[in-house]
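If you're matching them up, the sequences are chains B and G in order. Per this note's numbering, residue 1 is the first one in the first sequence, and the count goes up by one each step. Per this note's numbering, residue 1 is the first one in the second sequence, and the count goes up by one each step.
Bear in mind the hints are in silico, worked out from the structure with no lab data behind them. It cannot be assumed that every hint is accurate.
[As the list claims (entries may be wrong)] Each computed DSS-like pair below joins lysine-lysine, with the alpha-carbon atoms no more than 30 Å apart:
no., chain 1, residue 1, chain 2, residue 2
1, G, K160, B, K220
2, B, K340, B, K147
3, B, K253, G, K160
4, B, K36, G, K74
5, B, K36, B, K491
6, B, K427, B, K353
7, B, K491, G, K160
8, G, K74, B, K218
9, B, K177, G, K74
10, B, K118, B, K147
11, G, K74, B, K221
12, B, K126, B, K105
13, G, K160, B, K488
14, B, K151, B, K174
15, B, K281, B, K340
16, B, K220, B, K102
17, B, K177, B, K126
18, B, K153, B, K174
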Amino acid sequence: MIRNKKLFLVVTSILVLALALAGCGQKPAEEAKGQKDTIVVAQSADAKSLDPHATNDSTSSNVMTQIYDTLVYATEDMEIQPGLAESWNQVDDTTWEFNIRKGVKFHNGEELKASDVKFTLDRMMKSSKVSHIVEAIDSVEVVDDYKVVIKTKEPFSPLLAHLAHSAAGILNEKAVKEAGDNYGQNPVGTGPFKFVSWEAGDKITLERFDDYFRGPAKLKKVIFRVVPEGTNRTIGLETGEIDIAYGIEPIDKDRVANHENLQLIEAPSLGMYYIGFNCEKAPFDNKLVRQAVSYAINPDDIIEAVLSGSGFKANSPIAPGVFGYNDKLNRYEYNPEKAKELLKEAGYENGFKTELWISGSLANQIAQIVQAQLKEIGIDVSIESLEWGTYIDRTAKGEQEMFFLGWTTVTGDADYGLYPLFHSSAKGSAGNRSFYGNPEVDKLLEQGKVATDIEKREEIYKKAQELIMEDAPIFPLFYKLQNAGTQKFIKGFKLHPAGHHKLYNIYFE
Amino acid sequence: MHKYILHRLLLLIPVILGVTFIVYSIMYLTPGDPAQIILGESAPPEKVEQLREEMGLNDPFIVQYFRFIKNGLKGDFGRSYSTRRPVFEEIFARFPATLKLTIAGVLVAIIIGIPVGIISATKQYSLFDNVSMVGALLGVSMPNFWFGLMLVLVFSVTLKWLPSGGDNGLSSLVLPAITLGTSAAALITRMTRSSMLEVIRQDYIRTARAKGVLEKKVINKHALKNALIPIITVVGLQFGYLLGGAVLTETVFSWPGVGRLLVDAIRQKDTPMVLASVVFVSVTFSFVNLMVDILYAYVDPRIKSQYK
Chain B
1 MIRNKKLFLV
11 VTSILVLALA
21 LAGCGQKPAE
31 EAKGQKDTIV
41 VAQSADAKSL
51 DPHATNDSTS
61 SNVMTQIYDT
71 LVYATEDMEI
81 QPGLAESWNQ
91 VDDTTWEFNI
101 RKGVKFHNGE
111 ELKASDVKFT
121 LDRMMKSSKV
131 SHIVEAIDSV
141 EVVDDYKVVI
151 KTKEPFSPLL
161 AHLAHSAAGI
171 LNEKAVKEAG
181 DNYGQNPVGT
191 GPFKFVSWEA
201 GDKITLERFD
211 DYFRGPAKLK
221 KVIFRVVPEG
231 TNRTIGLETG
241 EIDIAYGIEP
251 IDKDRVANHE
261 NLQLIEAPSL
271 GMYYIGFNCE
281 KAPFDNKLVR
291 QAVSYAINPD
301 DIIEAVLSGS
311 GFKANSPIAP
321 GVFGYNDKLN
331 RYEYNPEKAK
341 ELLKEAGYEN
351 GFKTELWISG
361 SLANQIAQIV
371 QAQLKEIGID
381 VSIESLEWGT
391 YIDRTAKGEQ
401 EMFFLGWTTV
411 TGDADYGLYP
421 LFHSSAKGSA
431 GNRSFYGNPE
441 VDKLLEQGKV
451 ATDIEKREEI
461 YKKAQELIME
471 DAPIFPLFYK
481 LQNAGTQKFI
491 KGFKLHPAGH
501 HKLYNIYFE
Chain G
1 MHKYILHRLL
11 LLIPVILGVT
21 FIVYSIMYLT
31 PGDPAQIILG
41 ESAPPEKVEQ
51 LREEMGLNDP
61 FIVQYFRFIK
71 NGLKGDFGRS
81 YSTRRPVFEE
91 IFARFPATLK
101 LTIAGVLVAI
111 IIGIPVGIIS
121 ATKQYSLFDN
131 VSMVGALLGV
141 SMPNFWFGLM
151 LVLVFSVTLK
161 WLPSGGDNGL
171 SSLVLPAITL
181 GTSAAALITR
191 MTRSSMLEVI
201 RQDYIRTARA
211 KGVLEKKVIN
221 KHALKNALIP
231 IITVVGLQFG
241 YLLGGAVLTE
251 TVFSWPGVGR
261 LLVDAIRQKD
271 TPMVLASVVF
281 VSVTFSFVNL
291 MVDILYAYVD
301 PRIKSQYK
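The following block holds chain B by itself, in its conformation from the complex (with noise of 0.2 Å):
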């Protein structure tokens, strides 16, 4: 009798533990029905950090958008405006020189100085993550408290678009400092929300900063939540527990589109997804043979299948919304017959055996048309599915033969779009993964980071575009929509091209 009850006591106690346990989690409702202040904010994964020196992952990025501004900001058309600094002007072709609004209040109650912006871009040149982003800075010099003057190694025409980036976000000096190694779980920033509380895998909480320099938002509170499944996002927006889910899955576009208390919203991205051929290897050492496989790839099929219609054809390396976009160019539209002509030109009339290199199920969706499209123009291809990490250490290496990748072009500048990818000092595990080089691209893509004429540099670009589309080192397939559902009571929300969206204009209605 005693053992049974020693039995009982360590069963009632673990029963005991559990519901207090549970009580625990359990917090007061959001909040009342009624006034409704707050939204539920749904993506695919956790932030790493909130130091945006720190990480330059789109999900991170979503939350320090809503904490930090930048000197200069792009809108959703992608035009840049004044930030935290009131005017620039260039005083010669390496000197910009930067005025500083007045006033700006961090969270931490600091005021804005131009040491904090210094400090920052210091700081910010250092990190192994985002440096790349200010690399053609050489130098950041105080004048007085409201004035910074940056000066670039070379003439460095789209630096307003990299000082636009949101991993170039102005710190507080002293909230770093005092941080130190947790600053990434304690952000200061000027930006319309203030951090309050992560829980690490769940949510992110901001509030409302009532002093925010151009008014407070008309939000109260955002909650970030980390929902990785999908269709568990759809389902969320459905019963109402999110306000806003990122990503909805192509199979859910229409259910949320036909639902009565939901929208869902599709804008254009700055991202291309594309085949890219290894020119270094045979037999895509040849032109024809690029050139022949692009010509038997039909992205309308891709499009349809895999993306239920999110997405639109590509005729260039960059999307309409970047900065020197070729509307002009021909792209290589589905020609089978043409394909079969180029491939016995080029001497391999039977076709050939390949691989094709990918890595994610969104790519295998792709990969597998592509190979059955590749059949009937006699290209025997295998696909070969990769783990990420394992993709993009031996593509960079040039193992691969075909491979599919996205790029997006974040800055909406050509120079990003295009020099990573195609620049032959790129080569390898500097984006430029299809080891193309062609001496007349390498000029033109100098010749556009330094020119200063606005013009001049857009005919660069676009000359560049053409090019390299006809060397064809990789066929564009599509540019993909991005989307998001939302709730119909959400109001002035849009979505950014670049990928990480504001929330500081949503109302309800």
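With chain B held as given, fit chain G onto it using these hints.
Then chain G, alone, in the frame of chain B:
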């Protein structure tokens, strides 16, 4: 008994050393460069090199491993490559959610599994027995993520009774706990039934019945107690196993547990995070095993006498 516990705790040391060595080797040998993964698909080689140097990845394997052990002994398991936070801070931030889900899941399993198992055994081949055995078979074979989604469809989308995901109070625990609990319940039911059947046929049960002991007492006192050992083993194993994280259930219910943390870390080749998680999981598993062994002693005095 105390000596026995101490002995078991000391055994943890070689276990942890072995586990870390194996995991470290696997992480080292699998292709994919953590620096390149962190920097993404466009990172100039010099930046990749800079980061590799910063992370100490250029040192030989043995140097890296011993540095890890040395720092580990000082209680410093390093910072996650991807979040830069101390790894155990990340794990402990997630562990309460996992513990909560595990306890709730196992409770569901026990509450369903043991009574159903007992009734099935006492009424062998009855309708109840057949139905519950089919149910148990279904429970074992049903994929967790599918069952979880079905529960969400019914209770969150259609009936709107319970939240579809997240860790937000007791109500959000119900569906994930049922999802986890049913497959464990199925195992426990089958184990309870077979263990009970074996005991019920023993001579001392017949003796008890012949003495005119009430059937209820025969089952609860004489039979169940003697059948408990294998049941405790199964429950303990399930408990330890779930403490290591239930990735699928966590994903379906957006539950911020340790399982997802570990899988994400593996995907990103976040070696310090993977190592710390695996060490943590193996230690908790060993502890649960120890607890189970101690529990044996309370249930069966014959076993207690062996713990010297």
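Unsatisfied constraints (hint numbers, rising): Per hint list: 2, 4, 8, 11 violated.
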